[in-house]
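Chemist: Listed below are the residues making up each chain.
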Amino acid sequence: MEFSQLRSQFPALTQSLGDYPLVYLDTAATSQKPQGVIDAMSRYYQADNANVHRAAHQLSARATSQYEAVRDKVKTFIKADRREEIIFTHGTTEGINLVAQGLAGQLKTGDLILLDSAAHHANIVPWQMLAKQTGAEIVPIPLTPEARLDQAAYQALLKRGPRIVALGHVSNVLGTVNPVKEMIAQAKAVGALTLIDGAQAIAHLEVDVQAIGCDFYLFSGHKMYGPTGIGILYGRYAALDKLEPLLTGGEMIKQVSFEGTTFNILPNRLEAGTPPIAEVIGLGAAIDFIQSLPRAELRAHEQALLTRLQDELRALGGISLYGAHQDNIGAVAFNLSGEHHQDVGILLDQQGIAVRCGHHCAMPLMQTLGLSGCCRASLGVYSNDEDVDRFILALKSVKDLLL
Amino acid sequence: MSDSQLNKSQLNKSQLNESQLNESQLSPDTEAFTGLILDPQEILPSFTQAANWQERYRALMLLGKRLPPLDEALRQETAQVRGCESNAWLYHREIDGRHYYLADSDARIVKGLIALLLTAVQGQDRQAIAALDLHQYFDQLGLSGQLSPSRTNGVLALAEAIKAAAVESANH
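These protein sequences, in sequence, are chains A and B.
When you number the first sequence by full-length UniProt numbering, it's gap-free, plus one each residue, and the end is 403.
When you number the second sequence by full-length UniProt numbering, it's gap-free, plus one each residue, and the end is 172.
Rather than coming from a laboratory, the hints here were simulated on the basis of the structure.
SDA-like mimics (lysine to any residue), calculated; alpha carbons at most 20 Å apart, straight line:
(1) A/K399 <-> B/R56
(2) A/K399 <-> B/L62
(3) A/K396 <-> B/Q54
Derived CB-CB ranges, DEER-like:
(4) A/E386 <-> B/N52: 19 to 27 Å
(5) B/G35 <-> A/S16: 41 to 49 Å
(6) A/A304 <-> B/I37: 49 to 57 Å
(7) B/E160 <-> A/T109: 40 to 48 Å
Negatives, chain A to chain B, calculated, CB over 12 Å:
(8) F10
(9) N51
(10) A69
(11) D72
(12) K108
(13) E137
(14) A238
(15) S257
(16) T262
(17) T274
(18) E302
Just so you know, even glycine gets a beta-carbon here, dropped at the ideal spot from N, CA and C.
Hey, can you work out the whole structure from these sequences and the hints?
Modeler: The following block contains the structure:
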């Protein structure tokens, strides 16, 4: 497949910043959007805009059928068992909060929650809130010196009988991949509820939630070429059905009186208020876009590009890489030795290079690595050799300037 | 003479009240404040006449070196300006109606940007500092993008803290 044609579907990538063409290496923060996604949302607003599920008119019927069709699309996309297992949220962060809060009634003092030491704050803080409310205890699964989750330590922690195990699929900072299938099976064997933050995996890997076997899997639309403001919470029906709703009101009710309220059934029970309808439709178009690609071929292309990026950074000299393994996905974390990551970011930006520099919402990981922050270059389907060349060249001039 | 806490408004988190802060706050010597001289006529041409961004940012980093590093003891949380991805510390003192600043950062370009800010205000009186249009100042130096609320370099927060220190001193 000719990947350069694919790039031409992303209008934002054709711009220049001053004298330099944009080199977008911040896909892990948010991906660019293909024309198909932009058009689908704009078409919805121009032709079909109406609220879903409620009105007795044709526009609403059209909006509702488009909206509900995306639920089926997501079900197929991640190989879920039932459409009711797909909950539309506003993003991964909201979804994890929904799960953590929804479990409050099921936890008691002393219950153990195991977390991923490399996790994004979104997969740490909601659990801390839950622990504070219930008296549960949080234990992070430590990292090996290679910045992978320490499997021996994990086995030892599982012997303590955790109630919840929450992992990342792919680290947002390092791009390291957790062996989720094995880890989830081991967690299930001790009776733990399991959750995976798949925000950084969904655009790169073919996710099969039933093969992984987790109770909950979450991701965001905007990191998979879709719009912001839409995310998916997948939950195994039995686990999902036990969650108390985080938000109430709107279509999530069955019957309301001042004496009491009964809730609707899944999925509506967990979707309070008017949902982000255009964003759901945009997400549907993003799934169409991804599924139109030869995914295995694309995976190989992305992997080759990441390996080249890692190799070129090593060859440049004076660069520290963090947890940069061959089997990583989508991102590489680095610092220019002895230099502040922010200085590097500012000077790369002068040359049209978009990378993220900072703590990446993973402060505990930064503490483990002994860093105040780092730079991260991340890739998407549209990334190509020219991006890597321009980035390396720009980093060379940053090195020259800072020396 | 009055010392002012530059970042009072940002300190809510630390749960300290003002009197506690004043007691615990170390501050550089008066000589350190008056000893930092930044002459705009000498400094600014390297920016206005820079041929390209490389020259401009090299000049920034050179300028940053003119701010003496703050002792470890002075790199205290109470002097830290929030809103920066890097750490930045700022001290202010008013001497005979003129305002003097000392600042440091652990990032070189941010330190250069702070030095540029200080070049515009060091030793000036309250009216001059209040009247200063820092956006225009950065524009003419070819660095307009750096003084933007959407940036994480914290320069805007520093600019606001510098101005607030001088303006609020009138209330003392």
